Structure formats: C-alpha cells, structure tokens
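The opening position of the sequence shown corresponds to residue 1 in my numbering, with each subsequent residue numbered one higher.
FYI, nobody ran anything at the bench for these hints, they're computed from the structure. Quantities reported herein were computed from a predicted structural model and do not represent experimental measurements. Each residue gets a CB set at the ideal place from its N, CA and C atoms; glycine is no exception. Among the hints, a few may not be true.
[Stated by the list, open to error] Label-pair distances were calculated between CB atoms; the ranges are:
id : residue 1 : residue 2 : range
1  : G57       : R14       : 17 to 23 Å
2  : G57       : G17       : 27 to 33 Å
3  : G69       : G43       : 25 to 31 Å
4  : N61       : G11       : 18 to 24 Å
[Unchecked claim] No farther apart than 30 Å at their CA atoms in a straight line, the calculated lysine-lysine pairs in the DSSO-like style are these:
id : residue 1 : residue 2
5  : K25       : K42
6  : K25       : K63
7  : K42       : K63
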Amino acid sequence: STCMQIYVRNGLDRDLGVVEVYINKSPYDVYVSSSCFDSIPKGAIVPIHVLGSFSDGCMYNVKVVFDSGHSILYPLI
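Construct the entire structure; sequences and hints are all you get.
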C-alpha cells in the first residue's frame, strides 16, 4: 500500500505537534488528520497517515517524534 495509518494517543496535558516519523530509521512524510504537521489535541487518539510504499504482513519499527521532544517507538505489522 502507499499509506500506513498509525493511531497515536496524546497522554500529555498539552497539544502535541508531530515533527517527524521514522520507519525502520528512515524519515517519512506524515499527515495528521489530513493536514501536514497538524497537532494532536491533549487526551486525543488521532490517526497519522504515513506516505510511502509498504508491504502487508511485514514488520516495521515506527518512531514518532513530537515538538515537545517526546518520542514513541513501536513495531507495526
């Protein structure tokens, strides 16, 4: 597929902006809520759409970096 959808939960008490998304340590273009580099409201769970070429059934290591300096890292299948 040409798009990977990742659900990100913002557990902090402020809005978070997505700065970068890395997949298998490579940077990718990302769109949040259909607009590029939008913010994730506090307490919200928002789908992030990552543009690229992805194969179904493969394991990807995904790192999402926020403007707060926080990052999350998790595998996706």
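Here is how each hint holds up against the structure:
no. : hint                     : result
1   : G57 with R14: 17 to 23 Å : violated, 37 Å
2   : G57 with G17: 27 to 33 Å : holds, 32 Å
3   : G69 with G43: 25 to 31 Å : violated, 19 Å
4   : N61 with G11: 18 to 24 Å : holds, 21 Å
5   : K25 with K42             : holds, 27 Å
6   : K25 with K63             : holds, 8 Å
7   : K42 with K63             : holds, 19 Å
When held up to the earlier numbered hints, the structure conflicts with 1, 3 and fits the remainder.
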